[in-house]
Each structure stands twice: as C-alpha cells, then as structure tokens.
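**Q** Taken in sequence, the protein lines are chains A and B.
Numbered as in this note's numbering, the first sequence ends at 242 without a single skipped number.
Numbered as in this note's numbering, the second sequence ends at 224 without a single skipped number.
What the hints contain is simulated information worked out from the structure, not anything from laboratory work.
Mixed in with the good hints, there may be bad ones.
Restraint-style ranges between C-beta atoms, simulated for each label pair [unchecked claim]:
#1 A:PRO57 with B:ALA198: 47 to 55 Å
#2 B:PRO54 with A:GLU196: 29 to 37 Å
#3 A:PRO37 with B:ALA64: 19 to 27 Å
#4 B:ILE60 with A:GLY86: 24 to 32 Å
#5 A:LEU35 with B:PRO221: 38 to 46 Å
#6 A:SER56 with B:ALA64: 34 to 42 Å
#7 A:GLU34 with B:MET211: 25 to 33 Å
#8 A:LEU45 with B:VAL90: 18 to 26 Å
#9 A:CYS128 with B:ARG219: 53 to 61 Å
#10 A:ARG108 with B:ALA64: 47 to 55 Å
#11 B:ASN53 with A:ALA77: 23 to 31 Å
For clarity, every value in this text was computed on a predicted model and none was experimentally measured.
For every residue, glycine included, the Cβ atom is placed at its ideal position computed from N, Cα and C.
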Amino acid sequence: MTDRPGLSRRDFLRLGIVAPVSLAAACGWDGGPELEPRLRAISRLNDWVGEKIFFSPTRLAREYPVAQRTPVMQFPAYSIAHNLTGAFPALPADWGLEVGGLVRTPVRLTRAMLEAMPRVSYTVKHHCVEGWTAIATWTGVPVSAVTQMVQPRPEARYLRFDSFDHQYSNGWDLASAMHPQTILAYAWNDRPLTIEHGAPLRLYSPVKLGYKLTKYLTAMTFTRERPGGYWEDQGYPWLGGI
Amino acid sequence: MDAERPDVKRHHGLVRAAHWLNAVVLLGMIASGLQIYLAFAHFGPRGRPYYPNPLDGGPIPEWARLGGWLAGGLNWHFALAWPFVITGLVYLGFLAVTGEWRALLFRPRDLGPALQMQLYYLRLRKTHPPQGKHNALQKGAYTFIVVLGALSALTGFAIYKPVQLAWLTSLFGGYELARYWHFWAVWLFVGFTLVHVALVFLVDPASLRAMITGWYRGRFPSHD
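The following block holds chain A by itself, in its conformation from the complex (with noise of 0.2 Å):
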C-alpha cells in the first residue's frame, strides 16, 4: 500500500460545514462589483448566440385562434409613469412618429398615416421576462414597411424606441425589426390600443419578451452603435429573443 496524503475525516467536516455556510452567504447576491460585470459579458455572448444561431428572420411565431384569448382584465400592463406615480404617461400635444437617424428620407407619421398604410394581424402569445403568458390580438403596420418608407443608409445596423414614459426606450438588432411579425401596433383585440398597453402607438412582436416592446412610442431610430434601453442598461438581456 502507498502512503498517499488524503483527506481526514475533520478535513471532511469542515468541507461539509464551511462550503454551504459560505454559498448561503453569498445568496440574494448579484455578484458584486467583480462578477456582475463578467455575467453581464456573458450575457452578451449568449445574445450573440441568440442572434447568430437561434434568430431565424423567416420562422413565424404561432398564431391562436381567437377564442384563445386571455380576458382583457387578465392581460398585465405596466408602465414606468404608473409604477412611479399611479397615473399613465400623458400623451403630448400633437403628437406623431419620428422615423429618423442614419436614413434618406426621414418622416414623420401621424396615427392617420399608419392607418392608411398596409396593415398586419396576429393573435399570439405574450412572453414576459418574468415567466407569464398572455395571449391577445394585435394589428398595426409593419417596421420593415416603415423602414423601406424611409431608406436606411447602409451603415445603419440598429434601431432604437423611444417613448414618451420616464426616458423608457429599446435598442433592437435589424434582423428582428425586420421580421415580418414585427410591428408598430395601433389596435389590440380589435380595438384601439388602450393607454395601459402603450396608445397612441407600441412597438409589438411574439418574437421578443416584453420588456423589448417599446409603449407609448415617440421615435424610430436608426444608429450605428448599439443603443441601450431602461432595463437592458440595468442589467436585463440585451437581446430578450425568445
């Protein structure tokens, strides 16, 4: 028999004792100022993957019958005026779409104008970042439409939402903005989009979680750089493709 130097029965102990009293410690923890930073860089990779690998620009999300709806009361709406101060934002004095940045010909929109132009309808699933669904019916014009109206110069790689609630705004990849399911929504469950669910006009597809969905829309974006948004920059995925 070799003489090998192994662990004790103490040595074992003091394993057993020291190594769940330290994890639970460190419970409830984001990782502190040395980890979070590498988790959100991971975080990015795995965007990365979203986008390079899972996106498809042509698979469409599956569409329900309308009788499968979720009852109107029972759909959330949050918006970051109402959880702020208990009122929805208040919708500016004349307001219309800015369809702008790195594009030929800027525009813009007013509701009757999206109204005019070709219309897309869908009844799918809602996915919220925090593990609900909800299923209900949206219409509106299509972004790739409004983009095409537009021009954008080649050099454009991103788009940003903005909203009229708290500075609250998206940053998307083309790719997904330009999926045909990707829309600028004026209608839900055959009415007009109500002030809870983001009117005059959201940003809506079944190919993004929620919190991607810009409400209460100002502005269209086109930009270079990768711009940010009110929960990705607090650490939420980038991507939130689903």
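The hints should help you fit chain B onto chain A, whose structure is shown.
**A** Just chain B now, kept in the frame of chain A:
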C-alpha cells in the same frame, strides 16, 4: 478501517472534476432559478386556474436565491447554463469513449438485480447481492440523473427560445408546461441529492474519498 484492503483507482480525474463542478453549478442553477421563479411564482397561462404547485405564490427565502433580483438571477442562470451543459456533454463523451457507460447504464436486465438489492435494503434478503462497480439500484440512479440533467437542459431551452425552438417547446406540451417540468426537475435533483448523500454515508463512506482523490479502499469492487 479495512486497513488490509489495497487502494484501487475508482474514478478518473475527469469524472471527479465533472462531479464536483456539476454539484456547485447545479446549486447555482437552482438558486438562480428560484430567484427567477419568484418574479411569477405560478404555473399556467394568465386567466386560467394555475397548475398544482406547493410553492404557488412563494415565498422563496433569500438564502435559497442567487442574483438579488430578476435580472441578476437571469444572468447567473444563463451564465451557469454553459458549464452545466458542457460538463454534461464532456461526462457523457468520456463514458462513451472509455466504455465506462457499461458500468453505469441501467438496462432491462438490471430489473431483477435491482429488486434483489431493494429487498436487501429492506432487510427481506440477508446477503448482499453480488455486484460489479455499481449495484443495479445505483445504475438506475446514475442513469436517472443523467436523463434528468438532459431533461432540465431541454426544458430550459424550450422556455428560453419558445418561438425559435417551437418544436421542442411543443414536445413538452407548450411553454407553460415546459416551465412546469423545468421546475419539477429541480425537486427531483434535490431528492436525488439527499438520498445520494445519505447512502454515501450509510452504505459506503469510502466512496466519498474515492470521488475526491480517485482512490478507493471500500468493500465493493471497482470494476465490473
């Protein structure tokens, strides 16, 4: 104890590394998963009765959570998913290449010996059934845990990309059910771990050293 028995090499370094890395990663996956779960502590679509769930509505104590808030939990969970999947694949690759899987995979012919082993544990049989590196019940457990790991990863992908991987999500009965199965996998992991650790100390304490150093001086064979 058993000073006369020779030390035998029982576990390859790769298996030991995979075992302990997986133990830590899985703990982190569960804790960050509970943090994520707390954001909507129910199962089932909105507007319908929720699925049966002893932890419906929470609470999940802070010591059991990792991440601090939803975004932190998500970032931990999706970061740890990499080592979880990679470790699993490396482990399975090792078993396939070395043929070690033969000592671990539960096959139909193990049913009878598994019953005998259960009778022995229940004291309905006096002598310990003959065994190779692992007895039939162990084979069942070590096969089950690999299947459970695979199901956790697959249900995880099903709720991570329910549109891009719609075929996988519908395989589990849709997004809400896939999330439900993903959650139940946690409790099977916890249950497995409790029984696993208890049996290590009750039946074969020497196996703990073997899983740390690789060397074994216990009463069971180390090869089939």
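**Q** Each hint: holds or not?
**A** Tested hints:
1. The hinted range of 47 to 55 Å is satisfied by PRO57 (chain A) and ALA198 (chain B), whose Cβ atoms lie roughly 52 Å apart.
2. In this structure, PRO54 (chain B) and GLU196 (chain A) meet the distance hint of 29 to 37 Å, their C-beta atoms being roughly 33 Å apart.
3. The hinted range of 19 to 27 Å is satisfied by PRO37 (chain A) and ALA64 (chain B), whose Cβ atoms lie roughly 25 Å apart.
4. The hint said 24 to 32 Å for the Cβ distance between ILE60 (chain B) and GLY86 (chain A), and at roughly 28 Å that hint holds.
5. The hinted range of 38 to 46 Å is satisfied by LEU35 (chain A) and PRO221 (chain B), whose Cβ atoms lie roughly 43 Å apart.
6. Here the CB-CB span from SER56 (chain A) to ALA64 (chain B) is close to 37 Å, well matched to the stated 34 to 42 Å.
7. With their beta carbons about 30 Å apart, GLU34 (chain A) and MET211 (chain B) fall inside the hinted range of 25 to 33 Å.
8. Remark: the range hint 18 to 26 Å for LEU45 (chain A) to VAL90 (chain B) is upheld by a beta-carbon distance near 19 Å.
9. In this structure the hint that CYS128 (chain A) and ARG219 (chain B) lie 53 to 61 Å apart at CB holds, the actual value being about 54 Å.
10. A hinted range of 47 to 55 Å holds for the C-beta pair ARG108 (chain A) and ALA64 (chain B), which are about 52 Å apart.
11. One distance hint, 23 to 31 Å for the beta-carbon pair ASN53 (chain B) and ALA77 (chain A), holds here, with the actual separation near 25 Å.
Going through the hint list in order, the structure satisfies each hint without exception.
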